[in-house]
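Colleague: Chains A and B are the protein sequences, given in the same order. Residues in the first sequence are numbered consecutively from 1, following this note's numbering. Residues in the second sequence are numbered consecutively from 1, following this note's numbering.
Treat the hints with care, as some may be off.
[Claimed, not checked] Derived DSBU-like pairs (lysine-lysine); straight-line CA-CA distance at most 30 Å: (1) B:K75 - B:K64; (2) B:K75 - A:K24; (3) A:K109 - A:K36; (4) A:K24 - A:K36; (5) B:K64 - A:K24; (6) A:K51 - B:K64; (7) B:K75 - A:K109; (8) A:K113 - B:K75; (9) A:K36 - A:K113; (10) A:K36 - B:K75.
[Stated by the list, open to error] Counterexamples of contact, computed for chain A against chain B with all Cβ distances above 12 Å: (11) V13; (12) K36; (13) A40; (14) K51; (15) L52; (16) S71; (17) G74; (18) A78; (19) V91.
[What the hints assert, rightly or not] Partial list, computed: chain A residues near chain B (C-beta under 7 Å): (20) P46; (21) P50; (22) F68; (23) S69; (24) G72; (25) Y93; (26) Y97.
I should point out that these hints are in silico values taken from the structure, not numbers from a laboratory. All figures in this text were calculated on a predicted structure; none of them were measured in a lab. A virtual CB, placed ideally from N, CA and C, is assigned to each residue, including glycine.
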Amino acid sequence: DIVMTQSPDSLAVSLGERATINCKSSQSVLHTSNNKKYLAWYQQKPRQPPKLLIYWASTRESGVPDRFSGSGSGTDFALTISSLQAEDVAVYYCQQYYTTPWTFGQGTKVEIK
Amino acid sequence: VQLLESGGGLVQPGGSLRLSCAASGFTFSAYAMSWVRQAPGKGLEWVSVFYSGGGATDYADSVKGRFTISRDNFKNTLYLEMNSLRADDTAIYYCAKEFGLGTTGAFDYWGQGTLVTVSS
C-alpha cells in the first residue's frame with residue numbers, strides 16, 4: 001500500500017498569513033503514461049464531509065478560492081493557503097489515487113494563531 | 001448532485017448491516033462510486049469501489065471478505081452489505097462519487113454520512 005505522510009500534524013497561522021501543508025507518498029504517484037500526478041487534497045470542517053480542493057496535485061476544483069494552491073513532484077507535495085481566512089480553519093487531507101487501496105494522509109489541523 | 005446515505009445504527013459484534021446511498025443530480029450509471037469511512041476523531045479510510053461499466057469492484061484489505069458493495073443503476077442507489085462486524089468498523093460511512101468520468105479514486109461529491117456503531 002502507498003503510505004501518505006503529512007506534516008505537520010497541526011498548524012497555527014495568523015489571519016492573512018501563509019499556511020503550507022506537506023504530504024509525502026511512500027512511492028511515486030506520477031503516472032508516466034499521461035504525466036499526471038494522482039494526488040488530491042481535501043478540506044474537512046467539523047461535522048461535515050470532506051470537500052475536494054485540488055486534484056492532479058495542482059488543479060483547483062471549481063469554486064475553490066484561488067488562495068488554495070497545490071504543488072509537488074512524484075512523491076513530495078504541498079498545499080498552500082496564501083492568505084489564511086477564518087473560514088479556512090479545518091483539517092486537510094492529502095490522498096493518492098494512483099492505485100488501490102486509495103490512501104489518505106493522517107490529516108493536518110489548521111487553526112488561527 | 002446529492003448523495004444521501006441511510007442504514008447506519010447500533011449493531012452487536014458479529015452482526016450485519018446494509019447501508020444505502022441514494023444518488024441524484026448526475027448520470028449515476030456513468031460514474032464509479034465508493035464508500036469511505038471515518039472512525040470517531042480519526043482520519044479517512046477508503047473502503048470499497050464499484051466501477052461503472054463492467055461491474056468490477058475492489059475493497060480495502062480490512063473489509064475484504066466481510067463487506068460487499070453493489071449498485072442498482074435503475075434506482076440510482078449504491079449499497080454496502082457489512083457482515084461479521086467488529087468494533088473497529090465503528091465509523092461514519094460516506095458515499096462518494098468519482099470526480100471525473102473514467103478517473104477513479106478522487107471524489108468530488110460526498111454524502112453527509114451515516115454512523116455505524118459496533119458495540120455490545
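Colleague: All hints are to be evaluated individually against the structure, with a verdict given for each.
Modeller: Status of the hints after comparison with the structure:
With a C-alpha separation of about 25 Å, the suggested pairing of B:K75 with B:K64 holds against the 30 Å cut-off. This hinted pair does not check out: B:K75 and A:K24 have alpha carbons roughly 40 Å apart, beyond 30 Å. For the hint linking A:K109 to A:K36, the alpha-carbon distance of about 27 Å falls within 30 Å, and the restraint holds. This hinted pair checks out: A:K24 and A:K36 have alpha carbons roughly 16 Å apart, not beyond 30 Å.
Pair hint B:K64 plus A:K24 holds up; C-alpha atoms about 27 Å apart against a cutoff of 30 Å. Taken as a hint, the A:K51 and B:K64 pair is honoured in the structure, with Cα atoms around 27 Å apart against an allowance of 30 Å. For the hint linking B:K75 to A:K109, the alpha-carbon distance of about 38 Å lies beyond 30 Å, and the restraint is violated. Between A:K113 and B:K75 the CA atoms are separated by roughly 48 Å; this puts the pair beyond 30 Å, and the hint is violated.
For the suggested pair A:K36 and A:K113, the alpha carbons sit about 36 Å apart, so the restraint of at most 30 Å is broken. For the hint linking A:K36 to B:K75, the alpha-carbon distance of about 34 Å lies beyond 30 Å, and the restraint is violated. At the 12 Å boundary, the C-beta of A:V13 stays outside the reach of chain B, the nearest C-beta of that chain being 21 Å off. The beta carbon of A:K36 sits about 9 Å from the closest Cβ of chain B, which is not more than 12 Å, so the claim that it is off the interface is violated.
A:A40, annotated as away from the interface, has a beta carbon of chain B within 12 Å; the closest lies near 4 Å. Here A:K51 does not stay apart from chain B, with its beta-carbon only about 8 Å from theirs, under the 12 Å limit. Its closest Cβ contact with chain B, about 5 Å, brings A:L52 to no more than 12 Å, contrary to its assignment away from the interface. Against the 12 Å criterion, A:S71 stays outside the reach of chain B, whose nearest CB is about 17 Å from its own CB.
The Cβ of A:G74 lies farther than 12 Å from every Cβ of chain B, with a closest approach of about 16 Å, so its non-interface assignment holds. Distance to chain B confirms A:A78 as a non-interface residue, since its nearest Cβ pair spans about 17 Å, more than 12 Å. Not every beta carbon of chain B lies more than 12 Å from that of A:V91, the smallest distance being close to 8 Å; the non-interface claim is violated. With a least beta-carbon distance of about 11 Å to chain B, the hint placing A:P46 at the interface is violated under the 7 Å criterion.
Of the supplied interface hints, the one on A:P50 holds, with its beta-carbon coming within about 6 Å of a beta-carbon of chain B, less than 7 Å. Checking A:F68 against chain B: minimum C-beta separation of about 15 Å lies over 7 Å; hint violated. Hint on A:S69 is violated. Least Cβ distance to chain B is approximately 17 Å, over the 7 Å limit. About 15 Å separates the beta-carbon of A:G72 from the nearest beta-carbon of chain B, more than 7 Å, and the hint is not met.
Because the smallest distance between the Cβ of A:Y93 and any Cβ of chain B comes to about 6 Å, under 7 Å, the interface hint for this residue holds. For A:Y97, the interface hint holds, the least distance from its beta-carbon to any beta-carbon of chain B being 3 Å, beneath 7 Å.
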